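Visitor: Please arrange chain B on chain A, whose structure you already have, making use of the hints.
Protein chains in written order, with my numbering: chain A, 17 to 345; chain B, 17 to 345.
You can take every hint at face value.
One copy or any two copies: either way a pair holds, since identical chains are not told apart in the list.
Straight-line distance between alpha carbons at most 25 angstroms, and here's what the computed SDA-like set of lysine to any residue pairs gives:
1. K50 <-> P207
2. K169 <-> S300
3. K169 <-> V326
4. K338 <-> V71
5. K169 <-> I107
6. K169 <-> L109
7. K169 <-> A287
8. K338 <-> T67
9. K169 <-> L301
10. K169 <-> E303
11. K169 <-> A299
12. K169 <-> H330
13. K338 <-> P55
14. K169 <-> Y290
15. K50 <-> D335
16. K169 <-> Q297
17. K338 <-> E74
Hints were generated in silico from the structure; no laboratory data involved.
Everything numeric in this text was worked out from a predicted model, so none of it was measured.
Protein chains: 2
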Amino acid sequence: MILRRSLTLAAGLALGLSLAGTATADGHDMARYKDRFEPIPSIAPIPADNTQTAVKVELGKMLFFEPRISASGVISCATCHNPALGFADRIPLAVGHLGQVGERNTPTVLNAAFLDAQFWDGRAATLEEQALGPIEAGVEMAMPLDEAVQRLKEFDVYEEMFNTVFGGDDPINADNVANALASFQRTLITPNSPLDRYLAGDEQALSDQQKRGMRSFVDRGCVACHRGPALSDSMFHRIQVPGSTDLGRNLVTGEERDRHAFRTPTLRNVAVTYPYFNNGQVASLDEAIQVMAREMLNLELEEDEVADMVAFMHALTGDMPKFSFPALP
Amino acid sequence: MILRRSLTLAAGLALGLSLAGTATADGHDMARYKDRFEPIPSIAPIPADNTQTAVKVELGKMLFFEPRISASGVISCATCHNPALGFADRIPLAVGHLGQVGERNTPTVLNAAFLDAQFWDGRAATLEEQALGPIEAGVEMAMPLDEAVQRLKEFDVYEEMFNTVFGGDDPINADNVANALASFQRTLITPNSPLDRYLAGDEQALSDQQKRGMRSFVDRGCVACHRGPALSDSMFHRIQVPGSTDLGRNLVTGEERDRHAFRTPTLRNVAVTYPYFNNGQVASLDEAIQVMAREMLNLELEEDEVADMVAFMHALTGDMPKFSFPALP
Numbered sequence: 017m018i019l020r021r022s023l024t025l026a027a028g029l030a031l032g033l034s035l036a037g038t039a040t041a042d043g044h045d046m047a048r049y050k051d052r053f054e055p056i057p058s059i060a061p062i063p064a065d066n067t068q069t070a071v072k073v074e075l076g077k078m079l080f081f082e083p084r085i086s087a088s089g090v091i092s093c094a095t096c097h098n099p100a101l102g103f104a105d106r107i108p109l110a111v112g113h114l115g116q117v118g119e120r121n122t123p124t125v126l127n128a129a130f131l132d133a134q135f136w137d138g139r140a141a142t143l144e145e146q147a148l149g150p151i152e153a154g155v156e157m158a159m160p161l162d163e164a165v166q167r168l169k170e171f172d173v174y175e176e177m178f179n180t181v182f183g184g185d186d187p188i189n190a191d192n193v194a195n196a197l198a199s200f201q202r203t204l205i206t207p208n209s210p211l212d213r214y215l216a217g218d219e220q221a222l223s224d225q226q227k228r229g230m231r232s233f234v235d236r237g238c239v240a241c242h243r244g245p246a247l248s249d250s251m252f253h254r255i256q257v258p259g260s261t262d263l264g265r266n267l268v269t270g271e272e273r274d275r276h277a278f279r280t281p282t283l284r285n286v287a288v289t290y291p292y293f294n295n296g297q298v299a300s301l302d303e304a305i306q307v308m309a310r311e312m313l314n315l316e317l318e319e320d321e322v323a324d325m326v327a328f329m330h331a332l333t334g335d336m337p338k339f340s341f342p343a344l345p
Numbered sequence: 017m018i019l020r021r022s023l024t025l026a027a028g029l030a031l032g033l034s035l036a037g038t039a040t041a042d043g044h045d046m047a048r049y050k051d052r053f054e055p056i057p058s059i060a061p062i063p064a065d066n067t068q069t070a071v072k073v074e075l076g077k078m079l080f081f082e083p084r085i086s087a088s089g090v091i092s093c094a095t096c097h098n099p100a101l102g103f104a105d106r107i108p109l110a111v112g113h114l115g116q117v118g119e120r121n122t123p124t125v126l127n128a129a130f131l132d133a134q135f136w137d138g139r140a141a142t143l144e145e146q147a148l149g150p151i152e153a154g155v156e157m158a159m160p161l162d163e164a165v166q167r168l169k170e171f172d173v174y175e176e177m178f179n180t181v182f183g184g185d186d187p188i189n190a191d192n193v194a195n196a197l198a199s200f201q202r203t204l205i206t207p208n209s210p211l212d213r214y215l216a217g218d219e220q221a222l223s224d225q226q227k228r229g230m231r232s233f234v235d236r237g238c239v240a241c242h243r244g245p246a247l248s249d250s251m252f253h254r255i256q257v258p259g260s261t262d263l264g265r266n267l268v269t270g271e272e273r274d275r276h277a278f279r280t281p282t283l284r285n286v287a288v289t290y291p292y293f294n295n296g297q298v299a300s301l302d303e304a305i306q307v308m309a310r311e312m313l314n315l316e317l318e319e320d321e322v323a324d325m326v327a328f329m330h331a332l333t334g335d336m337p338k339f340s341f342p343a344l345p
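Same shape as in the complex, but just chain A (with noise of 0.2 angstroms):
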């Protein structure tokens, strides 16, 4: 606790920052470490060339829902993004197709919309690039794109939404399925966690022990690489968690450098997108913040110092998306 306090203030001092900001019943200056954060955007970034309306958004819900684009007729991107699980599945691999067991967790999907890069390896950069990708793995959905898009064409009300939505000679296809899929996820945004209320000037939304996790947070480094509004850089970094040997990064580009290396998760609502790491094999945040400090920081953190941490984890979950089941047809 000397040690951490001490490198705090000359952290403080070295950068500038005044210690006339917020200051907390033990003495500390929260300014500072507000400044590290940022708020969750109300709204996602949308790109120019998949502009967002209300009925394609609504298009894209029913498609994140829709079963009947897998092979099997039961498998939707919801089986494996579950609303009920924070859209995600709370196992530790992905279970897909025949009961295949895939080889990575399943990334929730809320907030994605803020990420530069998709998938734990990120093969993917949009949400878009994404959204096909599930549909055809053979242990997932299994299902080839173009029988999908016939699926789909079988149904009146598709053809009719997505000639609204999309026009053309033959709306129905694979980019406007991912365009629709890509428009929805923008919408699973998570609001009014703790931490955002906190920025937004609400000094109770925190407790003072999730104060003290956050300082750690800052201090020990952690949002070098969990920053920005998803809590993540979007970029890869090496990390080999206990029992994995996947060589992620490395399996897409192929680079020496690249070698057991992920993209950063988000965390936002990583209290309730348990389990984690690319293998999912650690079921706690508390085991997962010892894992982090190991790994990254060869660091031993004291049980204080971890719970201080879960705790903070525990703001930065915000409110799940409302929106009722859709109507498939």
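Guide: Positioned in the frame of chain A, the structure of chain B alone reads:
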């Protein structure tokens, strides 16, 4: 047409029904047709030994969406009884654990609370008796009940909720899982269908074609079995639809008279709970009506009459239950 009208008139006179009731443009007295139907109740019958409370319904909803009581961790009741698909799955045969294909079509749980026999073969009489079957069934969720119960016990939220709802020494047990699921399912009622609005006095709620279909439905005798609030007598009738060799009720009772007998399915929401019959091999209402006419009535219906009855079937779609996704622990 002449034959049917004569029969209708004769039946009306035989029953001593007044001809002074609501008449249609083509001179039909609709009052005696209306008398053959029951509006859908706004609440389901609640058994004395499973009283209904808001928190019990909420718990049941959580369990209904809970995939972690399946062996794979990704299949829940809502997988096959999908709220986006009329609480059924819209595929011919149910697909469950490891992609195994079952032998029967998934029945909707909508308005199942009004049935006195559950499953196609009526092997459960009540929703409570029905609820645990699919969890254990090897081709569905494939989870031994004691393991399902153990898994639920891992979550503090479930401990608290079962304790609040049921109390007692060991409230998380299979019986209480069934009780909560049944309570939730009793809320899955679909009011306000065109038929219900028509029965309540809105003469415009049915089109002329739907009124003709309604008369055919009565005059042809469909209403003999498809009667009561759910348009099912909850009784068993022998029928071998195309492609089916399923012994049905006989597999439960061993009785010769039950060979190929199935419980009358509800016709509520039949337009959105395709495909049809125990083997799900008929995709359209049009064909389903013709199969029923042939199999049960030994009749070949004219196209126009079939179209009228299809139109009437569309009048049986009510408002889908409105509820938000549960937030699972």
